[in-house]
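Engineer: Join the two chains into one complex using the hints; note that each chain is given alone, in its own frame.
So the protein sequences, as listed, match chains W and H.
For the first sequence, the working numbering begins at 1 and goes up steadily by one.
For the second sequence, the working numbering begins at 1 and goes up steadily by one.
Be careful, since some hints might not be right.
Said to hold, decoys possible - Using 25 angstroms as the maximum straight-line C-alpha spacing, the simulated BS3-like pairs for lysine-lysine come out as follows:
#, chain 1, residue 1, chain 2, residue 2
1, H, 23, W, 235
2, H, 23, W, 132
3, W, 92, W, 286
4, H, 310, W, 120
5, H, 309, W, 137
6, H, 309, W, 150
7, W, 92, W, 235
8, W, 92, W, 269
9, H, 23, W, 137
10, H, 23, W, 248
11, H, 23, W, 150
What the hints contain is simulated information worked out from the structure, not anything from laboratory work.
Listed below, chain by chain, are the residues.
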Amino acid sequence: MAEQLPQTEIIKESQSLWQTGRQPAGCNHCRRTFLILPFFIGKTCPLCRMGQIESQPIRLRPAEPEKLLPFAIDPSQLQAIYTNFISGVWIKPEDFNLAKLLRKTTPIFWPLWLVDSDIKGRWQMEAGFDYKVESSKEVYVSGQWRSIQKIEPRIRWEPRLGEIESHVDNVAVPALEEHQNRQKMTGAYPTEKSQNFDPQFLGDALFEVPDLPPESAWPLAKPIVDRSAGVICQKAAGAQHNRNFALKAQYQNLNWTQFYLPMYATTYKDDDGQPQILIVNGQTGKITGPRLASRKRGLKIAVTIAAVAGGFFILAILGLLLSMLIPVAAPVAGVLGFFGLLIGLAAIVPAVWPGQWNRKQDGPRITTRGQD
Amino acid sequence: MDDVHSRISQLAPPEGYIQVDSKVHGVIVYAPQPDSNNTDQAKSYACPNCGANIAYDVAEGGIACEYCGYVAPVKGTQVGKGADEFEFTLETLSQSTRGWGTQRQVLQCASCGAQLSIPHGVLTATCPFCASNQVNVTSSPEESLRPRFLVPFKISKQQTRQISKEWLGKGWYHPNELAASTFMQRLTGVYLPFWTFDTQVNADWRAEVGYEKTTRHYNSSTKSWETRTKIVWRWETGQIHQNIDDFLVIGSHPNHISHRILNQLLPFQMNGLVAYQPEYLAGLQAMAYETTLTQAWESAKRAIREGAKKACYQDIPTSHVRNFSMTADFADETWRYILLPVYLATYRFEEKVYQMMVNGQTGKIAGQKPVAWWKIWLAIGGMLSPGLILGLIGLPMLLLAGSGVIVAGLGILLFILGIVLSIILYNKARQSEAK
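For reference, chain H alone in the conformation it holds in the complex (with noise of 0.2 angstroms):
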């Protein structure tokens, strides 16, 4: 038999099937052909007509070269939410593929320490989180795994130059340059790593629930009938399932890129989940996740515990509730490595850094916008004065002819009205500027 496994190991594997290890000798074992999309390969994209680097175009939906008219769809398959899911294997990280199959390096920025891929070639970019160029080459995170899916661009750099500008033009309290400003010809294309979690959730909650019961009593004392409200307690026990379907996680940490303004970009629609293709990368930066699999799904669980919890609440008929116990049990976990489209800039207004956002799929605009303070404390200042003027004639009224009490009282109720409307103005301008 010595010569068995040369033998038969000349004959051809059967077409979509590779030779793979056999643990016993005389058998040959042939498996599935892994999808060519998963393989390393480096790819360059070179226009094959000029030689001109080309990119991934949304408008063309594919790769386009700006110089000649090339034009070549991406032959990426739509997956939508049928995409697969991968479980929680012990082994899911030292199994899963790495590196981004084609040609492109992670940079280190300098200034944030963001972590951004970056085509080959490119050594130096503008942060779009910090706009500073200064940046330095560093290796790819070890334990990155493969995107395997993507939602691609839907919206071109040109409808989000208007989606901006009108954005920015938006809000009184501006600075009135704002509207006038070039800031919208940063906008960087950058896919954002992103986690989605499916899971089923059965969840046994038991308390102590509370009943009112009204009772009517003689009171002797007052000789009157008199109703009492007392609450009756008693054991009870429910259960509530849940689906939870694309529960999504960002997966760039919040130093980077900030994720109140992100969630405010939510939601992003799933059905239009591609295979990865690194052509849809062509061109334009996607970035690295920095939070790992397991404190995504660690932070998704907390949230999906605590939506149990509520759903939980809402199985019980009365707000009276104590001694609460509940076990929510996942089952069927799966999760997804996928890279969202978000149009990002971060511009630089009186020394100060501001960032804004647009859905590369939807359109949807948020953002950090700068604040004419000037304008705030005077709206400010027009709103307690009417209050501060009227308290200020009616106050002596009050003191040396005793009357102007009206005067006085409108006056004070104007102030208070004042103050409320001015924190209320002021947080909102607050929470335009932050992050």
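Next comes chain W alone, as it looks inside the complex (with noise of 0.2 angstroms):
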């Protein structure tokens, strides 16, 4: 590879990191690194919830972030987008409530690479350009024609190419491996909000540390710094479209620097004990995660009602037998059964949801990794 890429560092455990008193730092579990602020070490890891962060050396290039997006999303507006989030689930594990959710929440920053490079060589497109057409409708009525005239717009594709010697700036791309599944999560960033990195945006916030350095992200940027130099070309071409875009470039004078998105995190046990992490875009709040029910507490309120369906029963049964003695009793007894039956359908109901509705819980999660 002709690009010269910028290699990362060790960064001791003891070094603090861009003048915010951040520290390196690890999860024994997931072995995802942060920067922490020292108050962090011992406690749980926010993104698996099965490990403890403890302080560590870790890879990571000390140049300062370029830009960060701040949180807009504060506490206050959590608490009614978790009473929301717990709202649409019946029966919900003991766990899964507001009070639990608020006191585990952690904001954090994930981050992204901004890269920066000088791009020459040959491309080709197949440019798209907006126009217009009449059409026609004629209408027949009373024995009158009348024509109403429509505009309809379409796109001329045409093969464009030519040479580019530009510059691309600030294309961000992954700096996690789960950067997609983690996109997916949190959904789309307004990140034209975003500010030069300061630390006054920070507060107690956690850095995600990028699992990706540069040499490994390449692969995954390149196309993305393709699709700006394509952009780039259809602006040139004076094209409102591009599609089939292919170059062939030397990427020169590569610039990678840091972004950090914000995201909260925070959790809930499951039937079986079991972490379930909810993320929480700290821009938009927008929050994903399972949303599990209760199977336990389910079969619980099945059992209390299948044991009133079971009285009623034996009611039913007691007032057969005395309607040998008293027939008045027989119609009683009739009555009796027929709720039995009812309420011992009604059963069915609590043990069968959770499962049903747990199974409809299939969106994107946080990757769980356990120890190697």
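Structural biologist: Here it is in structure tokens:
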């Protein structure tokens, strides 16, 4: 590869970075690494909830991040977001409640690389040009014709190729292996609101450290840089769209800086005591994660209802026996038996519903990574 | 980066591409080179052997020199119905290429006003529409679109002479000297402008449709069973779909060329369309369009929507229809501007001007023919006289002797028949002369 990529360095656990008092640390279970404030040492990892955060050296480019998107959602807004999220579940696990979710909430900044590059090479594409055509609708009513003019937008695709010697700035590329999944969970960010890195925006938030160093991220970054070049070429061609863009280029003066996006992580335990991680976009408030119902509580409710139904059945049998002596007791026994049947059928619902509900919770989740 | 543009612009564009304007500094853009046929480069047609004027020769299917026998085939591509069609973009007219791509001029006939495109250097010509020799050179109309396709002449001038001679000789009520005339020598090959339109029409109709219902009832006053038919009306809806392919609209003004005669020359075989090459026009005349694209499309739409309306009526199972309404939604509308080959001859006979046309592709002929009116009046007299004579005989017999009813009746009958036949003959004769 002709491109010169910046190398990462080993940052010792005792080092403090970016004049923020944050030091290197990592989870002893999922092996994610962070930059944290010292008080976080010994706490549970907010992204796996299965290991502890311990001081450890990390691999990182020591340079200060270039940009950062500050938190726009504050804890008071989180309360409403969690309440709304919880309210959708009928039979919840005991741990899945507002107070616990709020208590376990951790603000985290997660990383992207911002790549600047000089590009020199040849390109080709199908350039799409917007144009409009006139169409007609002829209406015949009461013996008269009336014409209605319609204007329809179309795209004309034409081949274009050429040379590019240009520069792309701040192309955001993945810095985490689980970038795609993370992006699915958080949804889009209003990146135009990003600020230059400033410690005043940080609060207590953790910084998740890139696990894709530039040398590993470049294969992922290249197509994104190419896409940016495609947009430049599209503009040069005066086109409004492009497709099948191909670029054969040299990339020089690559500059990699870090860009951090805000999110909250919180957790609850399911029936089996397994932690379920929820992620909230720190800008938009979009919450994602498994919203599980409790099968155990569902079964308990079902057993309770079934017991009530059983009581009705016993009363109905007694009524039947009594009807041999007092005939008028027979219809009462019938009614009791009928109610017993209805209540017994109702017991099926809480027994079955949690399983059905949980099956639908197949959205993106934080990757659970165990120890090697 | 200041010298970036100059540095990379030194690179040669790939084959078949040309450099176009770039809207971003540092990026060079190449676009496919426009078809060389569409350039406005003027061409002159001189024989490379002897230097004489050369022209398109139907029999040779190429450019030929009548003096030294030089022949060069036209590098035209037969495109047939696959010829490019153009959408009705809002910028169609402004985007369309102008000019004829060869050294031709538009001449305006001072007598009838027709606009003719003729080879460069020819300042006077006999107008094929009014046989006038007085023509003035004018500039090309501003909205001229370039014809992209044409159907070349397949019928030679020699063949048209034979066809027209046979045609002029047909019919008993034309002047006898017509068959022996040399008018057919004046047949001139002219490419006439046509617009073709393609579109999909999706029409929804709604109407009250009446169904005849026959009932029998007993009429107590006449003491008999009677049959009564009444119409039961109910609202119905329907849909039809029509695929309109190559709907032709004449691009010349009806004052200059008879649309009635031209329509009789149809159809042209669109499979014979070739990509426009100026060589096809060498030595021939070509007429620029006078009906604009918008006017032609409006005219086509009127005809197409009426066709859709007719199809909707055919979709209705009965003939009882009222409160009919419909919507014809046009989609995928496209157009072509083409030239079609026609031989025209305009001749004067007894101080009247007549037009004759031959389809340059199929040889179909139509036109005006002078009528020897004395023959018509003689024939009418012949047709009316039997009835008149019998009437003149029968009527006195009826008045004087009280007999002759049959003779008078027969006379009246023959007279009426004679009148009907006379009217038919008269109309036919008039149509023969009609423009």
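Engineer: Of the numbered hints stated previously, which ones are contradicted by the structure, given in increasing order?
Structural biologist: 4, 7, 9, 11
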